[in-house]
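Produce the entire structure from the sequences given, and follow the hints as far as they go.
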Amino acid sequence: MTNQKPAVWYEHLHTEKHTGARRGRIHTPHGVFETPMFMPVGTQGAVKGVDARTLKEIGSQFILSNTYHLWVRPGDELIAEAGGLHKYMGWDQAILTDSGGFQVFSLSDARKLKEEGVTFQNHVNGDRMFLSPEVAMRIQNNLGSDVMMQLDEAIPYFEPYDYVKESMQRSLRWADRAQQYHKKTDSQALFGIVQGAGFRALRTESAQELVKMDLPGYAVGGLSVGESKTEMNRVLDFTMPLLPEDKPRYLMGVAAPDSLIDSVMRGIDMFDCVLPTRIGRKGTLMTRHGRVVIRNSKYKNDFTPIDADLSYYSDNAIRTNQFGNLAQYDIPGYNPFQTLTRSYLHHLFNAHELLGAQIASAHNLRFLLQFMEDMRRAIENDELLEFREQVMEEYGYNKPNARLF
Numbered sequence: 001m002t003n004q005k006p007a008v009w010y011e012h013l014h015t016e017k018h019t020g021a022r023r024g025r026i027h028t029p030h031g032v033f034e035t036p037m038f039m040p041v042g043t044q045g046a047v048k049g050v051d052a053r054t055l056k057e058i059g060s061q062f063i064l065s066n067t068y069h070l071w072v073r074p075g076d077e078l079i080a081e082a083g084g085l086h087k088y089m090g091w092d093q094a095i096l097t098d099s100g101g102f103q104v105f106s107l108s109d110a111r112k113l114k115e116e117g118v119t120f121q122n123h124v125n126g127d128r129m130f131l132s133p134e135v136a137m138r139i140q141n142n143l144g145s146d147v148m149m150q151l152d153e154a155i156p157y158f159e160p161y162d163y164v165k166e167s168m169q170r171s172l173r174w175a176d177r178a179q180q181y182h183k184k185t186d187s188q189a190l191f192g193i194v195q196g197a198g199f200r201a202l203r204t205e206s207a208q209e210l211v212k213m214d215l216p217g218y219a220v221g222g223l224s225v226g227e228s229k230t231e232m233n234r235v236l237d238f239t240m241p242l243l244p245e246d247k248p249r250y251l252m253g254v255a256a257p258d259s260l261i262d263s264v265m266r267g268i269d270m271f272d273c274v275l276p277t278r279i280g281r282k283g284t285l286m287t288r289h290g291r292v293v294i295r296n297s298k299y300k301n302d303f304t305p306i307d308a309d310l311s312y313y314s315d316n317a318i319r320t321n322q323f324g325n326l327a328q329y330d331i332p333g334y335n336p337f338q339t340l341t342r343s344y345l346h347h348l349f350n351a352h353e354l355l356g357a358q359i360a361s362a363h364n365l366r367f368l369l370q371f372m373e374d375m376r377r378a379i380e381n382d383e384l385l386e387f388r389e390q391v392m393e394e395y396g397y398n399k400p401n402a403r404l405f
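Sequential numbering from 1 applies to the sequence shown in full-length UniProt numbering.
Keep in mind that the hints were calculated from the coordinates and are not lab data.
In this text, all values refer to a predicted model and were calculated from it rather than measured experimentally.
There could be a bad hint or two in this list.
Here are the simulated lysine-lysine pairs, BS3-like style, with alpha carbons at most 27 angstroms apart [unchecked claim]:
id	residue 1	residue 2
1	184	5
2	298	399
3	183	212
4	165	212
5	183	114
6	399	229
7	165	112
8	17	229
9	87	184
10	229	165
11	5	212
12	56	282
13	300	48
14	282	399
15	48	87
16	114	212
17	184	212
18	183	5
19	87	183
20	48	282
21	282	229
22	5	87
23	298	282
24	56	87
25	165	114
Below is the structure:
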């Protein structure tokens, strides 16, 4: 027996006394990072409109990339030849790759699911491809990500019990096959995915069987796919106590501020979502006081800052420790969110200048990264309920007919 830690492991720092929310750190081959965390999504090896230096400056820790898209182009073998995804995209911090299953099941109508895996046509040129638990692991091994996700079947939330049960049990068998195939345990960690839609018995079976596998971390899948927030919280309420307290816990596809807080209160450590950059590219900003659609004509003569409440450089202590002399990154007084005006950003979008989408995307990511920094402090100070109340009031959740994300 060896007591050697896995490639990725969780360090618990504090439990918020009123809610049980966790404050911790995740140790990886590419650094140590604070939780709870939000991970920007770089689907094709790039966070759209935001370069690596900016991502570091605004406090990004992990980045998520997509196995399916990188497999289709430029190809996982080419990336391996280049030295792995970290080197290929110029990112020296942690990377999480999903299994590619969500894209296979959502992008392709011409697919055929069997126990062995799924055969489908890719969305780029229609080539026939086959994805199995082993193929997903091979691709991710070539990519060299710190965290790899098992292949599972991505199904809609509101499916009949018998179908969900069959799918969940297949995903369990696929998790076992992925673990058997995984050989790079010293440099890459395999996370399992708890499935079962809204059925407590199925979620329980899925979680218990995955925990028996003693994986380095666990995700809760099949949520944020159209169910209500009340329903999502209900599932988390009975699922999270089933997962180990000494392993990281990941909820995929969540970025709404209220859902981030509510999920952290139930024990989630890691989140990702394309929302901040997707809406940023279209001219919508996430701010402390709700959404701002900067394309609207009312901002044409608005010479106030883009966001007077938002910092630019992260005050993350781990970032400071990792990078040492921050002079190579930090420019004294630099903060485009406070020195540039809403009028200017409005002009950039209406003039179809690419800079507008870049600023708005970085803004929204920084909003969520700063939001998580504030949440971490609230947990440390046992003030998460007060933080939630403040967010609900300021962001506008308490207003009638509020338009949120």
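Structure-based check of all given hints:
no., hint, in the structure
1, 184 - 5, "holds, 13 angstroms"
2, 298 - 399, "holds, 21 angstroms"
3, 183 - 212, "holds, 19 angstroms"
4, 165 - 212, "holds, 19 angstroms"
5, 183 - 114, "holds, 25 angstroms"
6, 399 - 229, "holds, 17 angstroms"
7, 165 - 112, "holds, 19 angstroms"
8, 17 - 229, "holds, 24 angstroms"
9, 87 - 184, "holds, 18 angstroms"
10, 229 - 165, "holds, 23 angstroms"
11, 5 - 212, "holds, 17 angstroms"
12, 56 - 282, "holds, 23 angstroms"
13, 300 - 48, "holds, 26 angstroms"
14, 282 - 399, "holds, 25 angstroms"
15, 48 - 87, "holds, 18 angstroms"
16, 114 - 212, "holds, 25 angstroms"
17, 184 - 212, "holds, 20 angstroms"
18, 183 - 5, "holds, 15 angstroms"
19, 87 - 183, "holds, 21 angstroms"
20, 48 - 282, "holds, 12 angstroms"
21, 282 - 229, "holds, 25 angstroms"
22, 5 - 87, "holds, 25 angstroms"
23, 298 - 282, "holds, 17 angstroms"
24, 56 - 87, "holds, 16 angstroms"
25, 165 - 114, "holds, 15 angstroms"
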